[in-house]
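Peer 1: Work the whole structure out from these sequences, hints included.
Protein chains in written order, with this note's numbering: chain A, 1 to 568; chain B, 569 to 1136.
Hints listed in this document are in silico derivations from the structure and should not be mistaken for laboratory results. In this text, all values refer to a predicted model and were calculated from it rather than measured experimentally. Heads up, a few of these hints could be off.
[What the hints assert, rightly or not] The list that follows gives simulated cross-link-like pairs (lysine-lysine, PhoX-like), each with its CA atoms no further than 20 Å apart:
1) B:LYS703 x B:LYS727
2) A:LYS3 x B:LYS912
3) B:LYS727 x B:LYS695
4) B:LYS1116 x A:LYS500
5) B:LYS988 x A:LYS500
6) B:LYS1100 x B:LYS987
7) A:LYS500 x B:LYS1050
8) A:LYS59 x A:LYS85
9) A:LYS532 x A:LYS419
10) A:LYS563 x A:LYS548
11) A:LYS123 x A:LYS147
12) B:LYS571 x B:LYS765
13) B:LYS662 x B:LYS715
14) B:LYS765 x A:LYS333
15) B:LYS1100 x A:LYS231
16) A:LYS197 x A:LYS3
17) B:LYS901 x A:LYS3
18) A:LYS59 x A:LYS3
19) B:LYS571 x A:LYS344
20) B:LYS1068 x A:LYS420
21) B:LYS1068 x A:LYS482
22) B:LYS715 x B:LYS691
23) A:LYS216 x A:LYS344
24) A:LYS181 x A:LYS135
25) A:LYS419 x B:LYS1068
26) B:LYS987 x A:LYS500
27) B:LYS901 x A:LYS197
28) A:LYS333 x B:LYS571
29) A:LYS381 x A:LYS349
30) A:LYS85 x A:LYS53
31) A:LYS548 x B:LYS1068
32) A:LYS532 x B:LYS799
[As the list claims (entries may be wrong)] One-sided and incomplete, this derived list gives chain A residues near chain B with beta-carbon spacing under 8 Å:
33) LEU23
34) PRO283
35) GLN302
36) ARG307
37) GLU308
38) LYS333
39) ARG335
40) LYS338
Yeah, the Cβ is synthetic: ideal placement off N, Cα and C, and Gly gets one too.
Number of protein chains: 2
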Amino acid sequence: MDKTVGVLGGGQLGRMLVEAANLLEIHVNFLDAPNSSAKQVSYHDGHVDGSFKDAEAIKKLAAQSDVLTVEIEHVDTYMLEDVAKTADVQPSWKTIRTIQDKYLQKEHLQSYGVATAQSVALKEPSKTELSAASKTVGLPLMLKSRKEAYDGRGNFPVKSTDDFEPAIQALGGNQDLYAEKWANFKVELAVMVVKTKDQVLSFPTVETIHENSICKLVYAPARGVSETINKRAQELARKAVACFWGKGVFGVEMFLLPDDTLLINEIAPRPHNSGHYTIEACPVSQYEAHLRAILDLPLDEQDLELREPAIMLNILGGDTPDSHRQFAAEALKHRRTKIHLYGKGQARKGRKMGHITVCAPTMSEAEELIQPMIDYADRGKPQSTSTLSSRSKEQALVAVVMGSDSDLPVLQPGLAILKKFDISFTTRITSAHRTPSWMAEFASTAASNGIKVIIAAAGGAAHLPGMTAAYTSLPVIGIPVKPTIGDGMDSLLSICNMPKGVPVATVSVNNSINAALLAARILGVSDMGIRKRVEQYVHDSEAEVREKDRRLLDMGADAYVEKYLSKK
Amino acid sequence: MDKTVGVLGGGQLGRMLVEAANLLEIHVNFLDAPNSSAKQVSYHDGHVDGSFKDAEAIKKLAAQSDVLTVEIEHVDTYMLEDVAKTADVQPSWKTIRTIQDKYLQKEHLQSYGVATAQSVALKEPSKTELSAASKTVGLPLMLKSRKEAYDGRGNFPVKSTDDFEPAIQALGGNQDLYAEKWANFKVELAVMVVKTKDQVLSFPTVETIHENSICKLVYAPARGVSETINKRAQELARKAVACFWGKGVFGVEMFLLPDDTLLINEIAPRPHNSGHYTIEACPVSQYEAHLRAILDLPLDEQDLELREPAIMLNILGGDTPDSHRQFAAEALKHRRTKIHLYGKGQARKGRKMGHITVCAPTMSEAEELIQPMIDYADRGKPQSTSTLSSRSKEQALVAVVMGSDSDLPVLQPGLAILKKFDISFTTRITSAHRTPSWMAEFASTAASNGIKVIIAAAGGAAHLPGMTAAYTSLPVIGIPVKPTIGDGMDSLLSICNMPKGVPVATVSVNNSINAALLAARILGVSDMGIRKRVEQYVHDSEAEVREKDRRLLDMGADAYVEKYLSKK
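Peer 2: Right under this line is the structure:
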């Protein structure tokens, strides 16, 4: 905490970095223009006015700082290498040099066995070279500039040979290009990784949605992605960052392919847009994590956990110079919004001017809260991304398992209740007797797959609910199914009379409605949205019975039976 | 958002205010010394250097601001009244004038029917006057300065007539004193209230713990305080603030007396120490709420809800000038701590130099996380407040109800499980047949009293679980109790065979252990601490049975029965 940090660049990332530093009284000097975004919220005489591309200015910054770091990777790494002889530069200039050339970055990752999209460098920006590359990576492909490319600049999708000419023309001014195999991804994921002096830690896996190659939305955690993939993505991101030099946070962008394999897209050696959500959603933000990493202050996994699901929406510059402030004024009208404006002055079309984060106890509540702001961002656009943003299938909260598909008709009324309550569920056949190991596997991985409650239906010997309960620590609700022979008491007792130590919440025979309502009440313990829907249901049921009572009073018993119950 | 705010005073409250303002690009000018805490994080040329007691400086600040507000109530309200002729001062100078004189504040509140401790003003600071006042308010009493008193300065506890002399001597320099009836409170509560142009809104009720009359700890929400009292405290706080003039946030401190009545202790017309927790724990912090209120920006109840339980610990100056930075360095070693240092330079003993906030999914987890920092704060003190801080009884999460006390022996093994899992519970007798209206009242208010799960035991006709479920939207677990006649099947079927619409999670006859384990699994859906304990229990049970299997293999069946089962 007593060391002084020098930062090359003082834009919004620097601003959010110094907001974290101010809380810890960590002194940060910025090298940037006099009234840059970061300097506005950090008043002292240690800043350096100038460009982060000016060698003399960098030396001046280094002279008055204990540790140098960067807010942007497009710096002159030869200057950094020179400065590093006498100053502590984090992460290392070698890391920045490798990463800032995207082709070099991918080669480096592959040499460490980290999966990335297949890429071929073009010796020169020519149709011949591009054609040759297309033979290797196939078509379509993405033609990319190796350097100075971000927010979609420097990318050109090449769908057929007809695109060779326009692609080379569009990016031809840049001498260094490469062709990348087209990734037909299901979803884009990202993980913020923290490299400290002795550990590589990660924040949760998030889902990113880009529009015109600019990050628009970030969902934390990624929606419709199992806990297993969430963990695998974090592992891959940590593995990728581990092969670089030095300390600090890294933004790792990935593709999840249809067969659930993961590919690294690209890495940023600094705080990243996909990690803004951490300010509100995690105990320690990516900015504070960066400071802790480069200053050797303590940090641990627990500090990076998600407190609540969060969604981040970028505020991009619109058609007028104050469009971002209008956007913020609109966002203030909605509830639970945390607005971050960056102090960048007048908006330019498409420029990142701020962002909004919404946190809520559940992702579905967060989605409801952010929707009006997405609609505002999409106003007047031909095709709204509202649909895009809700395209991910939601993580199932309830697993409804049965020993046989013949139990399905009994379950249907219960499933209708789950739908009515907007509770996501999955239905599976896991027989205790015919598929014992699949049943065990499903039950024992349910919790780590994000399932919160299991409903199990079984008839006769009816072992499924109890056996499922034996393999999980989740609450299990058992529905006794009436078998073809007998009244179902055998099923009921087999499910209810569990030994001490392994409970099953038993409902009456064939009563899938009560099983579903019980699941809703259980989820409602912590999800106020679901609790409200349970309360509404109780209220509606009461009104319905009161209405029947009124009719009975009006009509008398005989007419009532005649009219309403005669089919019986 | 386009208005400029001027603030009298630029200490830590101003600093946290401008941190909120920076996010919204709201321009804030401070009147204070050149390098004051708030100015350090807000760089522009609109600040005024000087004292907030200097009339000329206030006029200069007013000239370059659209709205004036205060960070401290000890300002010259006659200057403010003068400035208010041409400037918008929020809250009104009348509010600040009334509040800054604590006796006037109490008289004002009482005139609006708001409960405060009985108080008598001393005409002069003399033993005679104090003796006369003690006849009215009784002994012990608290002798207080009417003005310029905060953080325990200006308070003197008068326990007997022997204290008259020292009390007058201690506070005698101040001409304006008053005697206040001693409040023998159970707990001190506080509520941050936001007065907007057309609404009075409140943050949750928190518990404050003072040491040497300085706020040390804040627990949000207040521990061991029912939802009803939490709501009543918010209502009282809103009622109190409603009788003042103007807009802004107000800190309302209260006493909760042994008979559960609430008394206002005092009010601050500004952001308050008891509201620091809102920065991390609520969607909108008290600072942003203050800005939104004085600038007529939108705000709603939902923005002030608690995201997670939180505990705030003040970092007070210690024996060395850098003691607060040492404290922060210590806090960094612990997990999930959010540290706020105020940039106030060298520490003075007892001065507020910063604070730490810890948020967690449950209060018990937050208590565990903050404890090492409380221990650090208390190091070397004769009597640690560690005990103090954990003295409040925790809110019961599980209600265990029974129709008759004769069911209690059946419930005991289940209660032991709840204790083992560290799950707070309450046991009540609510008979469906003998106390139907009490049963209905208990069940229908359980959710609003913070109960999350109900366990209901009943035998024979066994209506209690089902009737309880009919009056609540919480999950209800039913334990069939074996009656004196029969095997308990009557109880089991009466509990299990509920009509569609009202579910009861039924366990087997007399199996309170499974009922408790089911409650733990249900709470474990959202409380990871409890889920881990369930997993540990499952693991231990398995180990226990494996150990029995090993013994049986070693000994053979006959020896095993002889040694372990012969008592049967």
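Peer 1: Does LYS482 of chain A sit within 20 Å of LYS1068 of chain B, going by the straight-line distance between their CA atoms?
Peer 2: Between LYS1068 of chain B and LYS482 of chain A the Cα gap is close to 16 Å, so the pair holds against 20 Å.
Peer 1: With a cut-off of 8 Å on the beta carbons, see whether GLN302 of chain A makes it to chain B.
Peer 2: Holds, because the Cβ-Cβ distance from GLN302 of chain A to chain B comes to roughly 4 Å (cut-off 8 Å).
Peer 1: Quick check on PRO283 of chain A please, does its C-beta sit within 8 Å of some C-beta on chain B?
Peer 2: holds (4 Å)
Peer 1: Can you verify the interface hint for ARG307 of chain A: is its Cβ closer than 8 Å to any Cβ in chain B?
Peer 2: holds (6 Å)
Peer 1: Given the hinted pair LYS548 of chain A and LYS1068 of chain B, is their Cα-Cα distance within 20 Å?
Peer 2: holds (16 Å)
Peer 1: Would the hint on ARG335 of chain A be counted as holding, given a Cβ-Cβ threshold of 8 Å to chain B?
Peer 2: holds (4 Å)
Peer 1: Hint check: LYS901 of chain B vs LYS197 of chain A, CA-CA at most 20 Å. Holds or violated?
Peer 2: holds (15 Å)
Peer 1: Would the pair LYS532 of chain A and LYS419 of chain A pass a check requiring their Cα atoms to be no farther apart than 20 Å?
Peer 2: holds (15 Å)
Peer 1: Is the hinted pair LYS987 of chain B and LYS500 of chain A satisfied, with a Cα-Cα distance of at most 20 Å?
Peer 2: holds (17 Å)
Peer 1: Starting from LYS715 of chain B, check that the Cα of LYS691 of chain B is at most 20 Å away, please.
Peer 2: holds (15 Å)
Peer 1: Is the interface hint satisfied for GLU308 of chain A? The criterion is a beta-carbon contact with chain B at less than 8 Å.
Peer 2: holds (6 Å)
Peer 1: With the threshold set at 20 Å, check whether the alpha-carbon distance from LYS703 of chain B to LYS727 of chain B stays at or below it.
Peer 2: holds (13 Å)
Checked against the numbered hints listed earlier, the structure breaks none of them; every hint is satisfied.
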